[in-house]
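Protein chains: 2
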Amino acid sequence: MGIRALGGLFMSATTATVPSASTIEAVKEKGKRLSILSMMSTTAAGSGHPTSCMSAAELVAGTFFYAMKFDPKNPNSPDGDRFVLSKGHAAPILYAAFAEAGVFPESRVMTLRQFSSELEGHPTPRIPGVDAATGSLGQGLSVGAGLAIGARMDKSPTRVYVLMGDGEMAEGQIWEAAAFAGHYKLDNLTAIADVNALGQSEPTMYRHDMEIYRKKFEAEGWDAQVIDGHDVAAVLTALDRAKTIKGKPQAILARTIKGHGVSFLAGKEHWHGKPIPKDQLSAAIKEIGTPIDLPPDPGRSYARTSLPKPPDFPTPAAPDYDPSKPIATREAYGFALKRLGAVNPHIVAISGDVKNSTFSEIFGDAFPDHFYQGYIAEQNLVSAGVGLAARGKVPFLDTFACFLARAYDQVRMAAISRSNINLCGSHCGVSIGEDGPSQMALEDIAIFRAVHSSSVFYPSDAVSAERLTEIMARREGINYLRTSRPKMPILYSKDEKFPVPGFKVLRKSPQDKVTVIGAGVTLHEALKAADQLKSEGIPVCVIDLYCVKPIDGKAVAEQITATGGRLITVEDHWPEGGIGEAVLSALAQVGVAPSKSRLIAVRDMPHSGRPDELVDAFGISARHIVEAVRAIA
Amino acid sequence: MGIRALGGLFMSATTATVPSASTIEAVKEKGKRLSILSMMSTTAAGSGHPTSCMSAAELVAGTFFYAMKFDPKNPNSPDGDRFVLSKGHAAPILYAAFAEAGVFPESRVMTLRQFSSELEGHPTPRIPGVDAATGSLGQGLSVGAGLAIGARMDKSPTRVYVLMGDGEMAEGQIWEAAAFAGHYKLDNLTAIADVNALGQSEPTMYRHDMEIYRKKFEAEGWDAQVIDGHDVAAVLTALDRAKTIKGKPQAILARTIKGHGVSFLAGKEHWHGKPIPKDQLSAAIKEIGTPIDLPPDPGRSYARTSLPKPPDFPTPAAPDYDPSKPIATREAYGFALKRLGAVNPHIVAISGDVKNSTFSEIFGDAFPDHFYQGYIAEQNLVSAGVGLAARGKVPFLDTFACFLARAYDQVRMAAISRSNINLCGSHCGVSIGEDGPSQMALEDIAIFRAVHSSSVFYPSDAVSAERLTEIMARREGINYLRTSRPKMPILYSKDEKFPVPGFKVLRKSPQDKVTVIGAGVTLHEALKAADQLKSEGIPVCVIDLYCVKPIDGKAVAEQITATGGRLITVEDHWPEGGIGEAVLSALAQVGVAPSKSRLIAVRDMPHSGRPDELVDAFGISARHIVEAVRAIA
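Protein chains in written order, with our numbering: chain A, 1 to 633; chain B, 1 to 633.
Only chain A is shown next, with the shape it has when bound in the complex (with noise of 0.2 Å):
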């Protein structure tokens, strides 16, 4: 059984068994090369963490050599099991036990964190193998659940193995996560936990109580074993012990010692990122085994080439709106993404407890396999996303813009990520009227944008909303939809086409003095705003800016130039990183200043009152518009 497994595909025992004195021993073995590999690529690299590689050598080296069934040759293939790295400092033990399976030479880890090099200081999804970076702790249960999650809907027997630290164990979002997986019963997924006691500053809140832990993921119906994780054999059994339990995610608490096997690192404070100097490296090789000699690497990269593309779809069935009946975005989105669902079985939704105010609700009642409730908790929202995507799923993750910002960080991940993830905030702005700032997304346009890979929609009507959310489900990277909760007037017909990047003109003359550019409620303003103006002998352009990221500055540019320079942008939004700064920027890309310019956004820190009087009162209304074009005109 399992130790077969180390010469080349990888099999592991499918039933509990009892591991072999000979399994064990090979298993032993494998831990320490990690452990010496990990010590050696980190000192030659001169950073690093070896410490919090060498705590979890019997774990990584049980997982990949024993329990793992994986194919050296197609690491990121959907069929074999996965292995996320949720504790991704301990990078160093990850690339050592890919090379050890034969993903690449042993020589290649001795590249570590060099420029030159795919085998970064973190992983990413450039290292074969890896399916989405960490290194921002405490996501990587999330990754896994949604891996997991996407696994059985393929009826895959893929298991996922997910290793964590006990400093990260700190982090909401892993008990977001093992709620999650709890919930639904992810019986696929093995979460090993490698409880050192040693965070980076000083010792773990909890340090070695053990019970803790168990206590924390039996309530959320979870099996837990706690076992030693420097023992071989209790490690082997775990493993073997997790794959019989059904309807339960597993935990295996370990046990460790930080540095375990050499003496001036084990279990020793003021150690952890700092690599072994160079003359103590010889003596701490000894003391765990036999030094390693390894050829000089030959400086091949094996940085994957092809990152994973969402898949095609056929042509989904066009929007059917009366244009005469107001529809709110958010509306159309539930809509759009029910149309996706009937000619792409790739998508799935999960929605942070709101999809009867985001509307995707409509997809749920359709496609009540592929909707998933991810209740109040966006960070896992967001993570599971990541992992859904990294096994070829669509993703399509719904909360109210603002608490999109509870799961930046995990955003942020995404991007490093290079997933294809998609994330529809609704309630932007002033514009929602009661409920107060708390729940108004005023800095959401801002965020999105300073994300790399990120594309960013703002429809102004139902036709524009959907057909922007069959574009995200095409489109690679992070895609964000901002939809707006009242009701707005219908702009297009149904087969008006919605290019990236884009913009559509929607008043226009050769008259014109001004170009005022919006989006949402604000455009709705400018309408309005235009029509006054040109019955007072002022006419402007109007521009629907419906993609905000990327913005063909060029385009723009002509626009503004064909009224003398004249810009307004308006936007229920925070000036700060809105419209009008992407709209500056993507000018000055192009060479081209405005000669004049408002940029009117939302300044003062609203509160509750309707709708129509926050958007007056805070100054993006038609009639500052106006005012605001007489000035500059």
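Check each hint, because a few of them may be wrong.
If several chains are the same, the list does not tell them apart, and a pair holds so long as it fits within one copy or across any two.
[What the hints assert, rightly or not] Below are the DSSO-like pairs computed for lysine-lysine, each with C-alpha atoms no more than 30 Å apart in a straight line:
no.	residue 1	residue 2
1	268	487
2	508	596
3	278	325
4	278	487
5	504	309
6	155	28
7	534	487
8	274	487
9	243	215
10	325	274
11	268	185
12	215	248
13	185	248
14	596	513
Think of the hints as simulated: they come from the structure by calculation, not from any bench.
Using the hints provided, position chain B relative to the given structure of chain A.
Chain B only, in chain A's frame:
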């Protein structure tokens, strides 16, 4: 005992006791009145969450009118017990309790959610008695923990009560706070969970399985009691018992019914966030008790006019650096905090297990009673800071800049709380080097700029880092300090002043062709570029933009105009929302546009490498600045 408090200044049992039948009856009546006022005010408003109030009626009545000591004439006094409504959507019952207590007239609750009323849809500190805004769920327990720690530091007998909903207990932050409060043995903190089993869109994950909640709190070292939340005797007994527990925070886990007391609401789905229709209100009220006849509200505002400011303090010792020795700004932050601690007893620092990287340990070693280990739980870190600030402390909260993204929703809510908190994010940008992108903050300027009331400081040497830290301690609002990992040369003498807004002109001649604006590592690259360009006969003006928000647009415009309107910004940050856009936006506000500009920023996803390799490879080094200057000069 207790019930006598109903008349005016509240009094409570100070030892465990058996509440009398008349006390129970009186609190029961109060609970009914609170329910009825919650229904009346939301129906009048036409929106709001009456059923979420009704589940908590007896809990709120018992807490306010039996357990708490509280002066309704001075409801924010730190001498009184504190009440944090973590489930902020139950605001109407909080306002009803304040009204019943005499903070404002009962008629005032009928102005709920109106534009002209301070009684917003969710609580904010504009409302007397409220310490922190709630409404983004799961943050109140952390705020309560901060208040409780502050009270303990002040040796105050103040107790802190936090009312949570079960829906929000899916948020990981609740469990970060529970761990934190348990670890610090905050026995002056009582959490009351209103477990009504219904979320917004469907039943909660655990419905009425009270034992799960009990296990979770007990695992964190809390005393936990499960009660029937509508049994007033049980509520009062639990509140009494909580006061007797020493060395542990206490959780009162109350099984409740959403919409309790009204047959067509009680325990029914699809009533979340819906007021009772006008034509059903009177029937609903009759099911609970006697209709309440209120006079018309006279319209007098009760909004708090003065909110807490950071306390003044004497000038600390000046920075003291050898001008020939480079030092990192992150280290200077630690020295600054220590110097401040010597003159300002209100300073409290919390670090997210990185005190040896952010250097807050320098302060912690000097003032151990003013330093808390926050472990790896950034959300709790920030919200606990809000609680400390509400008690008049001056919190300094630190972690890597990228991990502050983990707490962005909490920062957003801190702004709505009109909180005065100071955040230090170290390890910004690609210049951290080998650790790779998961540890690099490339979006922090964007996200902190997009916070109302925020200031963003970005020092380029140790002296400015120290001076800006001192400025933060005196400054209202959300202050963010972006510190850097690499050592950098000293630029300023120890007596240099750093006004806000402001910048320093480090290279200047009448012949300057271009203004180059940088900060942090890019300022030093700009200085190198300027030296090279000068030798090539292309003198440039170099500006240290140590204050990225606010910016004095007029002053910046003068500099840029003096160089023919030619502008280059360079930053170790994504282009979106960073220094470049901040400068363009500030110029636009004063009607100035650069004639030619280049916004140099990090535009590709970075990876591991040496700091100097990365600064160059990702386009922000002196070489790139020189090229950009040549292109537009």
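Results for each hint:
1. 268 with 487: Classified as between: cross-chain Cα gap 28 Å, same-chain 61 Å, threshold 30 Å.
2. 508 with 596: both (19 Å within a copy, 28 Å between copies)
3. 278 with 325: between (73 Å within a copy, 27 Å between copies)
4. 278 with 487: between (67 Å within a copy, 24 Å between copies)
5. 504 with 309: within (28 Å within a copy, 47 Å between copies)
6. 155 with 28: Neither: 34 Å inside a chain and 54 Å across chains, both beyond 30 Å.
7. 534 with 487: Within one copy only: 25 Å inside, 59 Å across.
8. 274 with 487: between (57 Å within a copy, 18 Å between copies)
9. 243 with 215: For residue 243 and residue 215, both the intra-copy (21 Å) and inter-copy (26 Å) Cα distances are at most 30 Å.
10. 325 with 274: For residue 325 and residue 274, the Cα distance is within 30 Å only across copies (24 Å; inside one copy 64 Å).
11. 268 with 185: between (38 Å within a copy, 27 Å between copies)
12. 215 with 248: both (15 Å within a copy, 18 Å between copies)
13. 185 with 248: within (5 Å within a copy, 33 Å between copies)
14. 596 with 513: Both ways: residue 596 and residue 513 sit 11 Å apart in one copy and 24 Å across, limit 30 Å.
Hint compliance for this structure: hint 6 alone is broken.
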